[in-house]
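Undergrad: Using the sequences and the hints, build the whole thing.
Sequential numbering of the sequence shown, starting at 1, is according to UniProt numbering.
Treat the hints with caution; some may be incorrect.
Taking lysine-lysine and the DSSO-like style, the derived pairs with C-alpha atoms no more than 30 Å apart in a straight line are [to be verified]: (1) 284 <-> 59; (2) 2 <-> 284; (3) 2 <-> 277; (4) 130 <-> 202.
DEER-style ranges, computed between Cβ atoms [unchecked claim]: (5) 247 <-> 80: 43 to 49 Å; (6) 171 <-> 48: 37 to 43 Å; (7) 299 <-> 78: 40 to 46 Å; (8) 1 <-> 77: 37 to 43 Å.
In case anyone wonders, no lab produced these hints; they're calculated from the structure. Ideal Cβ positions, reconstructed from N, Cα and C, are used throughout, including at glycine.
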Amino acid sequence: MKAKLGMSPIAWWNDDLVELSDDVSLEECLRQSRSAGFTGMERGRRFPDDPSVMLPILKAADVTLCGGWFSGTLVNEELAKNKDRIQPMIDLFKAVDAPCIVYGEVGRSIQGDRSKPLATKPKLSDDEMKAYGRRVTEFGEWCADQGMPLSYHHHMAAVVETEPELDTFMRHSGEGIPLLLDAGHLAFAGGDVLRAIDNHHKRINHVHVKDVRMGVIDGLDRSKQSFLDAVALGAFTVPGDGSLDFGAIVQRFADYGYEGWFVVEAEQDPKKNPPLKMAQVGHKELMRVMTAAGYTVETQGFPA
Numbered sequence: 001m002k003a004k005l006g007m008s009p010i011a012w013w014n015d016d017l018v019e020l021s022d023d024v025s026l027e028e029c030l031r032q033s034r035s036a037g038f039t040g041m042e043r044g045r046r047f048p049d050d051p052s053v054m055l056p057i058l059k060a061a062d063v064t065l066c067g068g069w070f071s072g073t074l075v076n077e078e079l080a081k082n083k084d085r086i087q088p089m090i091d092l093f094k095a096v097d098a099p100c101i102v103y104g105e106v107g108r109s110i111q112g113d114r115s116k117p118l119a120t121k122p123k124l125s126d127d128e129m130k131a132y133g134r135r136v137t138e139f140g141e142w143c144a145d146q147g148m149p150l151s152y153h154h155h156m157a158a159v160v161e162t163e164p165e166l167d168t169f170m171r172h173s174g175e176g177i178p179l180l181l182d183a184g185h186l187a188f189a190g191g192d193v194l195r196a197i198d199n200h201h202k203r204i205n206h207v208h209v210k211d212v213r214m215g216v217i218d219g220l221d222r223s224k225q226s227f228l229d230a231v232a233l234g235a236f237t238v239p240g241d242g243s244l245d246f247g248a249i250v251q252r253f254a255d256y257g258y259e260g261w262f263v264v265e266a267e268q269d270p271k272k273n274p275p276l277k278m279a280q281v282g283h284k285e286l287m288r289v290m291t292a293a294g295y296t297v298e299t300q301g302f303p304a
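TA: Right under this line is the structure:
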């Protein structure tokens, strides 16, 4: 079985918390992650939108674009608006041969609002979830028809956060919307990562290997503290530096024959947790558990 290891630039520059951003260029971010062993990078705010500009940067760094976040609003806006907003991203991702676009629901979400406590996250009724699942499926099918598959990201402080919410969403949506399994977000929400893989492995097409510091999470006052407060306190980290057993998690993916990207996405303070050092820690741990699970980790970056 083959696997690819990627990173998210959120370790270097955080889109929601400017104070958790290092003053490094895109080129330096790519250089550091590649030197740690990663062959892919998800898109961040310092990436150019023009493929003729992006491709030479990726080639020089010997890195491929392995995904990127789209802020979807299908829970409260029409398909047409989301299609118009995602079309330029589809064109860009196709031009640089990215594997998928990560769909993150921001409609009604409090994930980017530091004034909203975790306990006030939005919740959908069963009827609302049914309608939402149908809309997201239709959107996923349309994007795939355009030549770019989506990967649905369950997320803290959004309408699909908890394991029961994920189960309900998956039940009411279809194969037209594949799943991104994020170990850290599911663990933060109190879910069982291995059980979620068991239940939904047939739909998983992208994986975020985000670790958590459960001591930080368990110490939160969810009636007062927000998702961004938790991030600033250090709730997330890289594999090998947190509380999750990635040996067991990666083995479970291997048991089901998953092949593809495993992406480290660990937003934290780059001054307290230097991104290059954390990238090295994450890569070392992933190589250890990937080898134990029987994966061959691909080492080629930008296509020859």
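Undergrad: Hint by hint, say whether it matches the structure.
TA: Quick rundown of the hints versus the structure:
1. Using a Cα cut-off of 30 Å, the hinted pair residue 284 and residue 59 holds, with the two alpha carbons roughly 24 Å apart.
2. This hinted pair checks out: residue 2 and residue 284 have alpha carbons roughly 17 Å apart, not beyond 30 Å.
3. Restraint check: the Cα-Cα separation between residue 2 and residue 277 comes to about 25 Å, which is no more than 30 Å; the hinted pair holds.
4. Among the hinted pairs, residue 130 with residue 202 is consistent with the structure: their alpha-carbon atoms are about 20 Å apart, no more than 30 Å.
5. A beta carbon spacing of about 45 Å between residue 247 and residue 80 agrees with the range 43 to 49 Å that was offered as a hint.
6. About 40 Å separates the C-beta atoms of residue 171 and residue 48, a value consistent with the hinted range of 37 to 43 Å.
7. In this structure the hint that residue 299 and residue 78 lie 40 to 46 Å apart at CB holds, the actual value being about 44 Å.
8. At about 39 Å, the beta-carbon gap between residue 1 and residue 77 stays in the expected band of 37 to 43 Å.
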